[in-house]
Amino acid sequence: MSMQQFDMMVVGGGPGGYVAAIRAAQLGFKTALVEKEHLGGVCLNWGCIPTKALLRGADIAHTLKEAEHFGFAFDNLSFDIKKLVQHSRSVASKLTHGVAYLMQKNGVTVIDGNASLAEKCLLDVEHEGKVTQYKATHIILATGARARNLPSIEIDGHRVWGAREAMTPAALPRKLLVIGGGAIGVEFASLYNDLGTDVTLVEAEQRITPAEDADISALAEKAFKQRGIKILTNSVVQSLDTSGSESVALISGPDGEQHLEFDQVILAVGITGNIENLGLESLKVETEKGFLQADGFGKTNLTGLYAIGDVAGPPWLAHKASHEAVICVEKIAGVDGVKPLNKDQVPGCTYCRPQIASVGLTEAQAKAAGHTVRVGRFNLNANGQALAINEAEGLVKTVFDQNSGELLGAHMIGPEVTEQIQGFGIAQQLEATEHELAQSIFAHPTVSESMHESVLDSLGIAIHQ
Amino acid sequence: MTDQITPINMPKWGMEMSEGDINTWYFAVGDQVNAGDDLVDIETSKIINTVTASDSGILRAIVGAQGETHAVGALLGVLASADVTDADIQAFITENTSAAAEPEVATEPAAATLAAAAAALETKAAPLVTEAVAQPSNNLSKLAEGEDDSQVAASPVARRLAAEYGVNLNNINGTGRHDRVSKRDLEAAVLAAGGRLIGNSIDKSVGATQFGDDSNVKATPVARRIADQLGINLFECRVSGDRGRVCKADVEAVAALKNKMSAPAGSHIAGIGGGNTVESQPISGMRKTIAARLQASKQTAPHFRVHIDAEIDALLDVRKQINSSNTDAKVSVNDFIIKACASALMKVPAINVQFDGEQLSYFSNADISVAVAIDDGLITPIVTSANHKGLVEISNTTRDLATRAKLGRLKPEEFQGGSFCISNLGMYGIKQFDAIINPPQGAILAVGAGEQRAVVKEGLLAVATVMSLTLSSDHRVIDGAVAAEFMSVLKGYLEQPATMLG
Numbered sequence: 001m002s003m004q005q006f007d008m009m010v011v012g013g014g015p016g017g018y019v020a021a022i023r024a025a026q027l028g029f030k031t032a033l034v035e036k037e038h039l040g041g042v043c044l045n046w047g048c049i050p051t052k053a054l055l056r057g058a059d060i061a062h063t064l065k066e067a068e069h070f071g072f073a074f075d076n077l078s079f080d081i082k083k084l085v086q087h088s089r090s091v092a093s094k095l096t097h098g099v100a101y102l103m104q105k106n107g108v109t110v111i112d113g114n115a116s117l118a119e120k121c122l123l124d125v126e127h128e129g130k131v132t133q134y135k136a137t138h139i140i141l142a143t144g145a146r147a148r149n150l151p152s153i154e155i156d157g158h159r160v161w162g163a164r165e166a167m168t169p170a171a172l173p174r175k176l177l178v179i180g181g182g183a184i185g186v187e188f189a190s191l192y193n194d195l196g197t198d199v200t201l202v203e204a205e206q207r208i209t210p211a212e213d214a215d216i217s218a219l220a221e222k223a224f225k226q227r228g229i230k231i232l233t234n235s236v237v238q239s240l241d242t243s244g245s246e247s248v249a250l251i252s253g254p255d256g257e258q259h260l261e262f263d264q265v266i267l268a269v270g271i272t273g274n275i276e277n278l279g280l281e282s283l284k285v286e287t288e289k290g291f292l293q294a295d296g297f298g299k300t301n302l303t304g305l306y307a308i309g310d311v312a313g314p315p316w317l318a319h320k321a322s323h324e325a326v327i328c329v330e331k332i333a334g335v336d337g338v339k340p341l342n343k344d345q346v347p348g349c350t351y352c353r354p355q356i357a358s359v360g361l362t363e364a365q366a367k368a369a370g371h372t373v374r375v376g377r378f379n380l381n382a383n384g385q386a387l388a389i390n391e392a393e394g395l396v397k398t399v400f401d402q403n404s405g406e407l408l409g410a411h412m413i414g415p416e417v418t419e420q421i422q423g424f425g426i427a428q429q430l431e432a433t434e435h436e437l438a439q440s441i442f443a444h445p446t447v448s449e450s451m452h453e454s455v456l457d458s459l460g461i462a463i464h465q
Numbered sequence: 466m467t468d469q470i471t472p473i474n475m476p477k478w479g480m481e482m483s484e485g486d487i488n489t490w491y492f493a494v495g496d497q498v499n500a501g502d503d504l505v506d507i508e509t510s511k512i513i514n515t516v517t518a519s520d521s522g523i524l525r526a527i528v529g530a531q532g533e534t535h536a537v538g539a540l541l542g543v544l545a546s547a548d549v550t551d552a553d554i555q556a557f558i559t560e561n562t563s564a565a566a567e568p569e570v571a572t573e574p575a576a577a578t579l580a581a582a583a584a585a586l587e588t589k590a591a592p593l594v595t596e597a598v599a600q601p602s603n604n605l606s607k608l609a610e611g612e613d614d615s616q617v618a619a620s621p622v623a624r625r626l627a628a629e630y631g632v633n634l635n636n637i638n639g640t641g642r643h644d645r646v647s648k649r650d651l652e653a654a655v656l657a658a659g660g661r662l663i664g665n666s667i668d669k670s671v672g673a674t675q676f677g678d679d680s681n682v683k684a685t686p687v688a689r690r691i692a693d694q695l696g697i698n699l700f701e702c703r704v705s706g707d708r709g710r711v712c713k714a715d716v717e718a719v720a721a722l723k724n725k726m727s728a729p730a731g732s733h734i735a736g737i738g739g740g741n742t743v744e745s746q747p748i749s750g751m752r753k754t755i756a757a758r759l760q761a762s763k764q765t766a767p768h769f770r771v772h773i774d775a776e777i778d779a780l781l782d783v784r785k786q787i788n789s790s791n792t793d794a795k796v797s798v799n800d801f802i803i804k805a806c807a808s809a810l811m812k813v814p815a816i817n818v819q820f821d822g823e824q825l826s827y828f829s830n831a832d833i834s835v836a837v838a839i840d841d842g843l844i845t846p847i848v849t850s851a852n853h854k855g856l857v858e859i860s861n862t863t864r865d866l867a868t869r870a871k872l873g874r875l876k877p878e879e880f881q882g883g884s885f886c887i888s889n890l891g892m893y894g895i896k897q898f899d900a901i902i903n904p905p906q907g908a909i910l911a912v913g914a915g916e917q918r919a920v921v922k923e924g925l926l927a928v929a930t931v932m933s934l935t936l937s938s939d940h941r942v943i944d945g946a947v948a949a950e951f952m953s954v955l956k957g958y959l960e961q962p963a964t965m966l967g
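Protein sequences, first through last, are from chains H and Z. Per the numbering used here, residue 1 is the first one in the first sequence, and the count goes up by one each step. Per the numbering used here, residue 466 is the first one in the second sequence, and the count goes up by one each step.
Among the hints, erroneous ones may be present.
What the hints assert, rightly or not - Pairs of lysine-lysine, BS3-like flavour, derived with a Cα cap of 25 Å: (1) H/LYS331 / Z/LYS854; (2) H/LYS175 / H/LYS83; (3) H/LYS52 / H/LYS225; (4) H/LYS284 / Z/LYS785; (5) H/LYS135 / H/LYS299; (6) H/LYS299 / H/LYS289; (7) H/LYS52 / H/LYS65; (8) Z/LYS785 / H/LYS135; (9) Z/LYS922 / Z/LYS956; (10) Z/LYS812 / Z/LYS648; (11) Z/LYS922 / Z/LYS896; (12) H/LYS65 / H/LYS284; (13) H/LYS175 / H/LYS52; (14) H/LYS83 / H/LYS94; (15) H/LYS339 / Z/LYS785; (16) Z/LYS854 / Z/LYS956; (17) H/LYS36 / H/LYS120; (18) Z/LYS922 / H/LYS331; (19) H/LYS36 / H/LYS130; (20) H/LYS30 / Z/LYS876; (21) H/LYS299 / Z/LYS648; (22) H/LYS36 / H/LYS289; (23) H/LYS30 / H/LYS331; (24) H/LYS222 / H/LYS175; (25) H/LYS230 / H/LYS175; (26) H/LYS120 / Z/LYS854; (27) Z/LYS854 / Z/LYS896; (28) Z/LYS854 / H/LYS299; (29) Z/LYS876 / H/LYS339; (30) Z/LYS896 / H/LYS135; (31) H/LYS36 / H/LYS94; (32) Z/LYS896 / Z/LYS785; (33) Z/LYS876 / H/LYS299; (34) H/LYS222 / H/LYS36; (35) H/LYS120 / Z/LYS812; (36) Z/LYS812 / Z/LYS854; (37) H/LYS175 / H/LYS65.
No wet-lab data here; the hints were simulated from the structure.
Start from the sequences, fold in the hints, and give me the full structure.
Structural data, given as structure tokens:
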């Protein structure tokens, strides 16, 4: 039998890979997608979606805690974490089936197995010990990334969890150490704190969510501390002894060293690209620090090979992967007007409580880039809707270029800000200035009125503060 | 009064276009049309493109209805102001349809198609838009003039609209913040120049054309939407709804009637003896062109063939070296053949020609058409100036062209023209074949598979990788000895690939 041949083969079925496959099929490419485990990738199976399903449980826990404030009282409240995990897994499974349906609907051939490059434009796919070779004019690698280990501390799936284990707990930990104060660490700290666990969060940088604007980090830290989460910044877990019944962590920080005991540890110190066993070395495909090197359209240094999503480097976000998928495929197809990815227009969302969302440059980054900035701030405690729902802790910060009026960045912390950030994203894409935003009418009463007020504040004309 | 009448003619997109199918009219008879509006979609063998109105006026008549095929230059419709009488319009149509080419060119002898292509060759720099599409009105055209406007401050919406209206932003006074040009500024300027705003004309489906604008017919919203979707004019419908309105059932009745009438026109499957079924369907525009052009080629160009074998072991070695030492190169054997042909065409320029039956055109560069099989036919994208391109560049160009050819995303200039053609069926294991010349080119090379064969060298049997090559030439302009010389030079380049570098 002659070798099967495709115009386009995509390796990896996550939000980068499956979107690339669908777009390619739409454009008329004969397309195949190779997936080693589950369609949907980390995002749908072990990332964004199942954690959001768990965080919904945390929200309910929080609501129940403040029910008394609204006049409710009840006894015999009980919680079974297994049911929450079950909900999370059923959502993941539903979405995975949804992706399988989309593949079928778009005529994408799905191939199970582990893919590796045998040659330029030639893929070996190993499945249950059997290797099949496929020819493809264009190959997109969308193999994603996985949690990184520390030299001294490794995820063992038992005493030390990665994100994957942390979202399928059999029981609720009593005392939890979260190592890493980035988006993933902060979300798990928030989740388990709401569910009733005693949480300690350790971050090596001087503030948690170090990628966010400093004002946002400060507010997040304040809110977390109020909730009883212990936060150790400028601190490093030197070692972890898991031999006893409790794990003992040696943590060094500004106040010296201390030994603290935990029954569970979550390691969330960043991720590393899945670049192993893809046949990259022998074909001299360029990688750097664990990620594939590609241009603004995903093209690598190897003829016919492209890389998108987490494996192609930061920001490690599903929507960035999906966007890269579309521009990569459209560029190959010669679609008019395709623009390379602008990383300053990729929004980032963290689903802790209160939520954090941002797009573009922080104030510090904008200044470092040479902009004369005009900054607007608005606190949610002056927003009627935020007060009404008793979630008035939060801030909307906008950063404009003083001369051009360009919206350089927007930074939000507060209830449902992950839904509101799209407004700023659209404004940025349309190159709206503070003037257009100020002239837009925002509906009342909404939390997003604070977006408007923040813009007005940048002009010194905020109404409600 | 004919000076107030603007004809809409079948355009000529590229030299090989001799006819076009009317795909969709965007306006109905009686509609006001503005300069720049999309008027009608024309499908040719290779592309679907839109004819835009270059003048404003009322669409007074549609001569070329949807589905009809008309020759280049044929009258498709008439634009005129309201004060031109119907009699004048009719006279104009009569005058222009009898003089111009008859519709249904496909039924003419194939030679005429070639002649049309040949005529186009004389005016090589033929513009994409025919002269029949007249100039925009003065005021509007003034808005289009001016230098590069990319630095003019304008909102993204205004900039996009400016591109659609063909307006140069230098001509617009901005009243937005920092004097930025807003959408309102742009639209005000267009209106002031006598233009009409885009988006005010509703796409009229073709069924509506013969009945005129039905926007004043009373109908229920559902009926109106269904009619629009099905291409049914509300004038066609009986009126059975309450308060004298056309209702959903009325539209559906017309749709059912039309389906019954048009059913035999589409494809149908007939049973014949022995359970064998025959599916008949009309052929596509592309298939029609392939049929007409190749038949014309065989009938008018006396083909003769010369055949040669080339040993390509050295070439395969060089290919291996190039591909293993460059991550950004995946040079195929076919890329080598393109390069070798380009080099050989420079050595034997008498092959690098086009002939239209009267004039012989010599080309200074090798624009090599490469036949690519696609879903519903064949297309020949061109590697331009292949003689000036290196192997890696040829390879990357070919990969991009072939990718987009399969997706139907080539631009006309990327597949129209060419001074020589290569057809390679080696990947199917074909040993040797003859190809039909792609007119008005003078010759085509048919390439078979490279395979190990027993060869005799200095009296001894040996094994070599051998490829069979066949050149079909138009004997009217290429002599046997010239073809033979070309093939021997080509063989030399393929067997000693290093000599291509010189």
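Hints versus structure:
1. H/LYS331 / Z/LYS854: holds (23 Å)
2. H/LYS175 / H/LYS83: holds (21 Å)
3. H/LYS52 / H/LYS225: holds (22 Å)
4. H/LYS284 / Z/LYS785: Between H/LYS284 and Z/LYS785 the Cα gap is close to 16 Å, so the pair holds against 25 Å.
5. H/LYS135 / H/LYS299: Judged against 25 Å, a Cα distance of about 18 Å means the pair holds.
6. H/LYS299 / H/LYS289: holds (18 Å)
7. H/LYS52 / H/LYS65: Holds, at about 20 Å.
8. Z/LYS785 / H/LYS135: holds (18 Å)
9. Z/LYS922 / Z/LYS956: holds (17 Å)
10. Z/LYS812 / Z/LYS648: Violated, at about 58 Å.
11. Z/LYS922 / Z/LYS896: Judged against 25 Å, a Cα distance of about 21 Å means the pair holds.
12. H/LYS65 / H/LYS284: Violated, at roughly 57 Å.
13. H/LYS175 / H/LYS52: With Cα atoms ~22 Å apart, H/LYS175 and H/LYS52 stay inside 25 Å; holds.
14. H/LYS83 / H/LYS94: holds (16 Å)
15. H/LYS339 / Z/LYS785: violated (35 Å)
16. Z/LYS854 / Z/LYS956: holds (20 Å)
17. H/LYS36 / H/LYS120: holds (21 Å)
18. Z/LYS922 / H/LYS331: violated (50 Å)
19. H/LYS36 / H/LYS130: The given pair, whose Cα atoms are some 13 Å apart, holds under the 25 Å limit.
20. H/LYS30 / Z/LYS876: holds (21 Å)
21. H/LYS299 / Z/LYS648: violated (37 Å)
22. H/LYS36 / H/LYS289: holds (24 Å)
23. H/LYS30 / H/LYS331: holds (16 Å)
24. H/LYS222 / H/LYS175: Holds, because 21 Å separates the two Cα atoms, which is no more than 25 Å.
25. H/LYS230 / H/LYS175: holds (11 Å)
26. H/LYS120 / Z/LYS854: Roughly 22 Å between the alpha carbons, so the hint for H/LYS120 and Z/LYS854 holds.
27. Z/LYS854 / Z/LYS896: Violated - the C-alpha atoms of Z/LYS896 and Z/LYS854 are around 29 Å apart, more than 25 Å.
28. Z/LYS854 / H/LYS299: Judged against 25 Å, a Cα distance of about 22 Å means the pair holds.
29. Z/LYS876 / H/LYS339: Status holds; Cα separation ~20 Å.
30. Z/LYS896 / H/LYS135: holds (23 Å)
31. H/LYS36 / H/LYS94: holds (19 Å)
32. Z/LYS896 / Z/LYS785: holds (23 Å)
33. Z/LYS876 / H/LYS299: Judged against 25 Å, a Cα distance of about 23 Å means the pair holds.
34. H/LYS222 / H/LYS36: Cα-Cα ~43 Å, so violated.
35. H/LYS120 / Z/LYS812: Status violated; Cα separation ~34 Å.
36. Z/LYS812 / Z/LYS854: Given that 25 Å is the threshold and the Cα spacing comes to 16 Å, the pair holds.
37. H/LYS175 / H/LYS65: Between H/LYS175 and H/LYS65 the Cα gap is close to 20 Å, so the pair holds against 25 Å.
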